[in-house]
Amino acid sequence: MSATPNGTLANGNGSAGGYKWHNKYPHLGTGPVPADVFTSQEQFELERERIFKKVWLNVGRVERIPNPGDYFVQDLAVCNTSVIVVRGKDGAVRAFHNMCSHRGNKIAWDQGGTCQNFTCKFHGWSYGLDGRLKFVPDEESFFDLKKETLGMTPVAVDVWEGFIFVNVDPNPTETLPEYLGDLATGLKGYPFGEFSTTSTSWTSEVNANWKVIKDAFQEVYHIAFLHKRSIPDSFTSKNNPYAHSLDVTLYPRHGSMSLFGSADYKPSPVAKLAAQHGEIVIRSDFSMDGLPAGVNPLRSEAWSLDLNVIFPAFFVDVSQGSYFTHQFMPIGVDKTLWTSTQYYTQATTPGRRFSQEYGNVMFRDIIMEDGRTFEETQSVLSSGAKKEFYLHDEEILIRHSHHVIDKMLKGQPVDAAFAANGKEAASHA
Amino acid sequence: MPETRLPEQFRDLEQWMAWSLETEGERSDHRQASAMEDITAFYEAMLARMDEVLPYLEQFNLEELPDDARHLFYLTLSLAEVAPAVEQFGQPSVVDGYDIKRFVATHR
Ligand code: FES
Ligand SMILES: [Fe+2]
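Chains as they are written, first to last, in our numbering: chain L, 1 to 429; chain C, 430 to 537.
To be clear, the hints were calculated from the coordinates, so they are not data collected in a lab.
Not one of these hints is a red herring.
Computed far set for chain L versus chain C, every beta-carbon distance over 12 Å:
hint	residue
1	Gly-124
2	Glu-139
3	Pro-191
4	Met-408
Cβ-Cβ distance ranges computed for the label pairs, FRET-style:
hint	chain 1	residue 1	chain 2	residue 2	range
5	L	Glu-301	C	Pro-495	41 to 49 Å
6	C	Gln-444	L	Pro-177	56 to 64 Å
7	L	Lys-188	C	Thr-469	41 to 49 Å
8	L	Pro-267	C	Thr-469	18 to 26 Å
9	L	Gly-193	C	Asp-497	34 to 42 Å
10	C	Gln-444	L	Ala-293	47 to 55 Å
11	L	Ser-268	C	Glu-487	15 to 23 Å
12	C	Val-533	L	Ser-268	21 to 29 Å
13	C	Glu-487	L	Thr-198	12 to 20 Å
14	L	Glu-42	C	Glu-487	58 to 66 Å
Think of the CB as a built atom: it goes at the ideal place given N, C-alpha and C, for glycine as much as any other residue.
Using the sequences and the hints given, assemble the complete structure.
In structure tokens, the structure reads:
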């Protein structure tokens with residue numbers, strides 16, 4: 001089986017076997033993944049210091065703080081901190097360590113709200129929306145207090161397409177646009193704002209390593225089995241029984257996978273009703289006009305959705321008419337806060353809202369099937385019975401992700417390996 | 430005290446008023462707490478009327494639903510809630526699923 005220069009197989013629907021993605025990205029090799037990366041406390045501490053405290057992390061969307069004074073709190077246990085994200089009087093989004101300059105108490109104990117000042121509950125020190133220390137009760141009895149140097153400690157923050165990212169590195173080595181790179185370029189023009197006027201979101205504290213959860217969402221090899229009840233014929237067909245993906249694009253750290261959608265999909269009675277009144281993921285009549293180049297990159301008519309895995313643990317999965325995100329925030333080596341959110345354009349009619357509710361419920365129930373594997377897997381990982389795990393060619397995003405983590409933990413540049421691969425890939429074609 | 434009613438032509442569905450629930454959390458809890466035969470009976474009763482229910486509701490703006498229509502609308506959302514139980518799983522909960530009580534909705 002040989003790949004054509006653009007990475008598609010001759011039959012065009014991605015159904016044939018072979019080493020399609022390995023041939024496209026040979027630098028990742030074919031070896032197994034060590035099992036202890038999911039259970040080692042030492043590995044987790046390195047991930048904390050060399051990854052999570054160094055890179056840009058998504059903490060939410062701008063719709064959550066539309067007005068000056070609106071704020072939310074994002075606990076970042078993996079960075080040993082909590083962050084306040086606030087919209088200032090000038091409309092700018094700022095982020096601060098959620099920690100008082102007096103004796104370190106967490107300033108905001110809630111999850112968010114609207115305020116004029118942040119006042120510490122311990123001794124009443126008060127900070128402006130811009131982080132400046134404004135008021136110290138009984139200030140005269142302090143010694144040489146320089147209020148202008150005692151504001152809340154800022155955290156680097158930037159916004160891409162309405163997604164708010166923070167970087168707790170006091171001196172980030174790259175900007176958010178540099179970090180997102182070509183993945184962001186490819187998605188430019190996707191109507192994230194228009195599609196984010198309403199959302200449904202669920203969260204759960206899972207007793208599993210963050211990579212166990214992430215990996216379950218970045219391959220489609222499992223669809224024919226784990227999802228055989230919920231989506232028996234949406235992502236698989238007679239010609240593509242194992243849901244082989246249409247395309248894979250890897251970036252130095254991020255990765256995208258374009259997923260097959262079956263035209264033979266037979267909607268259930270309620271799915272049919274929902275489709276009459278709104279968008280569902282798989283449809284035959286979608287238009288590719290206006291889709292950004294990075295969405296359905298092959299312009300396939302057998303397309304369902306694209307996974308966009310933003311390193312280290314944020315997914316922006318886009319389809320026609322709506323998108324959803326997954327966010328995995330590590331708490332400990334075997335504990336992770338899992339959040340999944342489905343975004344929609346606010347419905348104005350009952351029929352559209354009904355259609356969206358069906359989409360919500362299906363989305364929720366499908367990821368409940370994924371969710372079952374997390375703790376079932378983690379609960380036996382520490383046995384040591386297995387030393388390594390074997391990856392299918394369609395599990396290349398997992399291979400890539402572990403490769404990047406390994407490089408970063410060793411302090412090796414990820415870009416160099418990628419550049420070398422570019423040359424190899426060119427010589428293959 | 431006026432009791433909760435559905436629009437006149439849908440009064441036959443009033444036996445299902447326990448499913449007239451405003452939030453996804455409430456609807457999900459009700460699905461999980463219900464027997465499969467009740468879920469199936471509700472599903473079949475609603476599905477049989479949806480060709481009239483949706484056009485009826487569509488004459489209103491979502492924000493301006495009269496009380497009786499709003500309850501009918503909540504019943505359609507409950508139909509969406511129970512659909513996978515009937516069409517995919519054959520039981521109230523997701524077969525081999527994660528514990529849905531631990532999957533906490535942060536929306537309304
Ligand atoms: S710790 Fe905040 S005022 Fe004392
Ligand atoms: Fe899945």
